[in-house]
Amino acid sequence: DTGVSQNPRHKITKRGQNVTFRCDPISEHNRLYWYRQTLGQGPEFLTYFQNEAQLEKSRLLSDRFSAERPKGSFSTLEIQRTEQGDSAMYLCASSTGPGDGNTIYFGEGSWLTVV
Amino acid sequence: AQSVTQLGSHVSVSEGALVLLRCNYSSSVPPYLFWYVQYPNQGLQLLLKYTSAATLVKGINGFEAEFKKSETSFHLTKPSAHMSDAAEYFCAVIPSGAGSYQLTFGKGTKLSVIP
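Just so you know, the protein sequences line up as chains A and B, in that order.
Just so you know, we're using our numbering here: the first sequence kicks off at 1 and counts up by one.
Just so you know, we're using our numbering here: the second sequence kicks off at 1 and counts up by one.
Keep in mind the hints are simulated off the structure, nothing from the lab.
All figures in this text were calculated on a predicted structure; none of them were measured in a lab.
Don't take every hint at face value.
What the hints assert, rightly or not - Short, incomplete list of chain A residues facing chain B, as computed with Cβ under 10 Å:
1) V4
2) G42
3) L91
Glycine included, C-beta positions come from ideal geometry on N, C-alpha and C.
Make the full structure from the sequences, and use the hints.
Rendered as structure tokens:
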């Protein structure tokens, strides 16, 4: 069990550029989640995959954001035309089943700074 | 909708003193409750969780929390603080019910431990 892996850990980009983050969940975890955390706040839910199907997207996930999980393995989160308000830590998490009875494990996070 | 309130954005305790971090939830039906810890520039680590079994839950690193339905609370305690406990602590809830998966976090409480 190597844990949830995220990369890059840090990304500095200019406003208007596109960025992509990758998440490798714990193997055999079929549930995958993306959260966003800004300074001084708790993480906020962005989206949820069960296997390769994206089952829910938060209203926080604007049209500039897109998440994929091809083949139900790793996932990518792409932000197009970045804005300064996108600066945050993007957290990926995974679990074997629903959160009511299954622990949701988080990765180390990917910090995004938009300048 | 679920919500979580953590009283006190910053708590300072002396090394060896009792740690008490407060969490209250709002829900008509008791949800599943979690405490996560976040060390600087790292992701979230699960400390403990309540999923409708015993109301007193023991977690890692000597932490425990008690679910009190009448007070809609799930406060986190540790009898004796250690320097390594300095971190940010987040209380989170998932709605009860099969298939629930979306964690709602509080804003966090930063714990400082004074030597």
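Here is what the structure says about each hint:
Because the smallest distance between the Cβ of V4(A) and any Cβ of chain B comes to about 8 Å, under 10 Å, the interface hint for this residue holds. About 3 Å separates the beta-carbon of G42(A) from the nearest beta-carbon of chain B, less than 10 Å, and the hint is met. Using the Cβ-Cβ criterion of 10 Å, the hint placing L91(A) at the interface with chain B is satisfied: the shortest such distance is roughly 6 Å.
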